[in-house]
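Student: Below, each chain spelled out in residue letters.
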Amino acid sequence: MWSHIDNWLEERFKISIIKKVLGKKEVPQHSQSHWYYFGGVALFLFIVQIVTGLLLLVYYQPGIESSHPSVQYIMDKVEFGWLIRSIHSWAANLMVLVVFVHMFSAFFMKAYRAPREITWLTGFAIFICTLGLGFSGYLLPWDEISFFATKVGLEITGAAPIVGPFMADMLRGGESITGATISRFFELHVILLPAAIIGLLTLHLIMVQVHGMSKPYSYANRPKKQQKTISFFDEFLFHDIILWTMMMGVVIFIAYAFPWGLGPEADTFAPAPEGIKPEWYFMFMFQILKFLPAHIGPFEGEIFGILMFGVGALLWALVPFWEPINKTTSKLATAFGIFAVILIVSMTTWGYIESPEGSLVEGELGATGVSVAKQDGSALFKQNCSACHTIGGGALAGPDLKGVTDKDQEWLTQFILDPSGSAMPVIPGVDKQNVQAILDYIEIESDPEKAAAAAEEEKLAATQSTKALAVLEVKPFSDEEIENGRKLFTGVRPLANGGPSCMTCHSIRQTEEAISGGHLGNDLTHVYKKLGERKGLEGWLASLPNATMQPIYQAQSLEAVEITALIAFFEDTTRRIEAGELPKPTGLPESAKFILFGLGGMALVLVFLAMVYHGRLRGVRKPLVYGNNHESDEGEQ
Amino acid sequence: MSRRSILKALAALLSAFWTVIIVFPIFRYLQRPKDDAPQISEVEVGPESDILPGSSKTFKYGKKPGLLIRDDKGELHAFEAVCSHLACTVQHRPKKGDIYCACHSGVYDLAGGNVSGPPPKPLTPLKVAVNENGLVVVSKA
Ligand code: FES
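Residue numbers (our numbering), protein chains in the order written: chain A, 1 to 637; chain B, 1 to 141.
One chain only, chain A, in its complex shape (with noise of 0.2 Å):
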């Protein structure tokens, strides 16, 4: 039957001659042939890439609010897809890497010259487009560092003389980062960017074939009979396999040891996180953009930066076409790339050492505060504090503030501007001038004296804001509350005011089987300690401070019941944990043990094939590969 198959194979697809071609192909031995693997390896990486974005782009689901949550569904709830978006990221990186090195490599062998000034250029393009893949892709998360690195980058794209504004905006889709960004990266990243490979590919590809592998002259102009050879087929081949199993053994061991994480939700009108880098690839243009004077001759530095970078990269790219022809190695190019080298590894390592806050995004914090009149600050504390503080009035979800403003005002406006990490929210549209007032207001509240004195004033603001609460006494709640506050929770009972319910966005650990709901919100399973139980679940419920829920709630505020029916369900639902009645949330996924026998497994059965395979080559081939290989390659670079 096979025969019959084999035949079928051959009449159509002419199987033998490609078979006799690949039989023919030699691949040169020397003492750089290694730098031969690096190109298999960066299309192994790219086959990686191809295959990990497919199965990302089942849920990934562009747009700018559901881009973040749906990176985050992969990751916690859908199998292996933790697993598959860190493999995607690593690779990435990893890809960048080895593109590097093979072009650097090239480079330094003189693989460009002629005839291969074409397998040259489309390697350059290639290289090109992995950088705009990395650039693209960092986007798509919509997390705040991705956030503020695009920024920043195209920011550095518009300043580029002519071309850089139209460029920005067409990539931008406008003046700012909006979802019309990530709709144009996205495309980038999953349709012309891999599509552009892909071609580019393939022409680098039958390029190689065509010439074959570049010799360097050490090589070349050795008598023919000492040109030592190995087979494409099967001895590189069978390197390669080898290489790109290990290869997919590191990647999956990296992704599988250090999960890439995921940052909160890029918000546009936050001020820029601590520790906004670049990706390392572009770390060494940004760190020699800070390095210039703000003038160099007739430009602006930057500028005259970008232009450099430009000359540069096309110096790089026409290599083939300027520099001296002869037969031995030009010393010209040869410096060009090892300053391009020096330059690139020292800026780099430069700008790690650097304070990893980087000065790329501007402070732009503006000039202190003016002190505000007192009733903002009133204002402000009573819309967006009161629900979870007070001052002088004892601990709800939030500590008391009496005397807060004892503590370091810096780090105050700061922590206040950007609450992550705790449990506060971020307090919508807040800037400094707020903060300022809001502390001012808290400052004179904690002094008694000061404070009598603005009571008078106080009275009269006083009765427009606060909310009546639903009285809660220290009694147990009825099971008729809780089962409320279920059906609340769920949506089986519609709220009075027309809000959606909290499962839209939250789920909760509650019975055996998860209520999972919406994956916009936190979890809410351990809300009710977190939020300091019934007195500061109460303030939290009746204003629902938070940004993303306030104006929501805001309209449709909730009922007094309401608001008692699912404390009652949250303190239930601790209740229940504490009570062990729940089962634990489970640590690793089970996942995880399954790759690690994988990876153990299979380390095991290529150390053997790599010991019988040396075992074959010492006995049959012995003579033909090391037979006086160990002479010594004279430099070729």
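Do not rely on the hints blindly, as some may be mistaken.
[Claimed, not checked] Derived DSS-like pairs (lysine-lysine); straight-line CA-CA distance at most 25 Å: (1) A:Lys25 to B:Lys8; (2) A:Lys19 to B:Lys8; (3) A:Lys77 to B:Lys34; (4) A:Lys20 to B:Lys34; (5) A:Lys487 to B:Lys8; (6) A:Lys529 to A:Lys487.
[Stated by the list, open to error] Negatives, chain B to chain A, calculated, CB over 10 Å: (7) Ala11; (8) Ser41; (9) Leu86; (10) Val107; (11) Val128; (12) Ala129; (13) Gly134.
Keep in mind the hints are simulated off the structure, nothing from the lab.
Every residue gets a Cβ at the ideal spot worked out from N, C-alpha and C, and that includes glycine.
Please build the complex by placing chain B with the ligand on the supplied structure of chain A, with the hints as guidance.
Tutor: Structure of chain B with the ligand alone, referenced to chain A:
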């Protein structure tokens, strides 16, 4: 055993490992995570007095559309508004006094029985009750 056959066997083993290592996670990944939303057991549709004889109301019954109808005799009926033919959402036609599926012109009577057209079965009925607050509560029949 010759080297060659050992080599072949190992290569086969390696490929098998790889296939499992790669295919299994992908297979699991592609299965949409189990949707562990609670099974909706009952839904409060609204005040009973809102639904006049000959009128109807659509509502969400879990992830499916539901249809609540009061016939001319004043009796309440509730169904999953999913056509038994090819699952289009059906509609109440007050003028004709029937339930109609526009996809292939299927017709049901107000009790959910299939009358004409392609539908092979009646609509899936739901239980209707009125609770102490005067709200219509629909639950699984
Ligand atoms: S789906 Fe309703 S008639 Fe075909």
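Student: Let me make sure I understand: some of the numbered hints might not hold for this structure. Which ones are they, in numerical order?
Tutor: 4, 5, 7 and 8
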